[in-house]
Amino acid sequence: MESWFGRSFQPDEEVSVHVFAPIRKVEKLSREEAWRKLEELSDQVAARVKAKNIPDEEIDAAIDEACDYVRHHAE
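Counting from 18, one number per residue, gives the positions in the sequence shown under the numbering used here.
Derived by calculation from the structure, the hints in this document are not laboratory data.
Hints should not be assumed to be uniformly reliable.
[Claimed, not checked] Restraint ranges, calculated between C-beta atoms of paired labels, are given here:
| hint | residue 1 | residue 2 | range |
| --- | --- | --- | --- |
| 1 | D85 | Q61 | 21 to 29 Å |
| 2 | E31 | E56 | 47 to 55 Å |
| 3 | R88 | V66 | 22 to 30 Å |
Computed from a prediction, not measured in an experiment: that's the story for all the values here.
C-beta atoms are modelled at their ideal positions from N, C-alpha and C, and glycine is treated no differently.
Using the sequences plus the hints, can you model the full thing?
Dropping the structure here:
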């Protein structure tokens, strides 16, 4: 084992093995496909908002509130 790590282990060190299910690779989207999906999502949201007759002022206020929150609560 020490040869795999390229060094000797210290008396207070130990090696453990963990087995995990393989992580599925996420398909990499092209910029064009990502943009198309974003536009589709935007169109779906717009259709829901239009169906509920939400005033533009209320939408703008919600967007402003979300943007302000993100700016002041960075992780």
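Query raised in the report: Which numbered hints does this structure break?
Result: Violated hints: none at all, because every hint is consistent with the structure.
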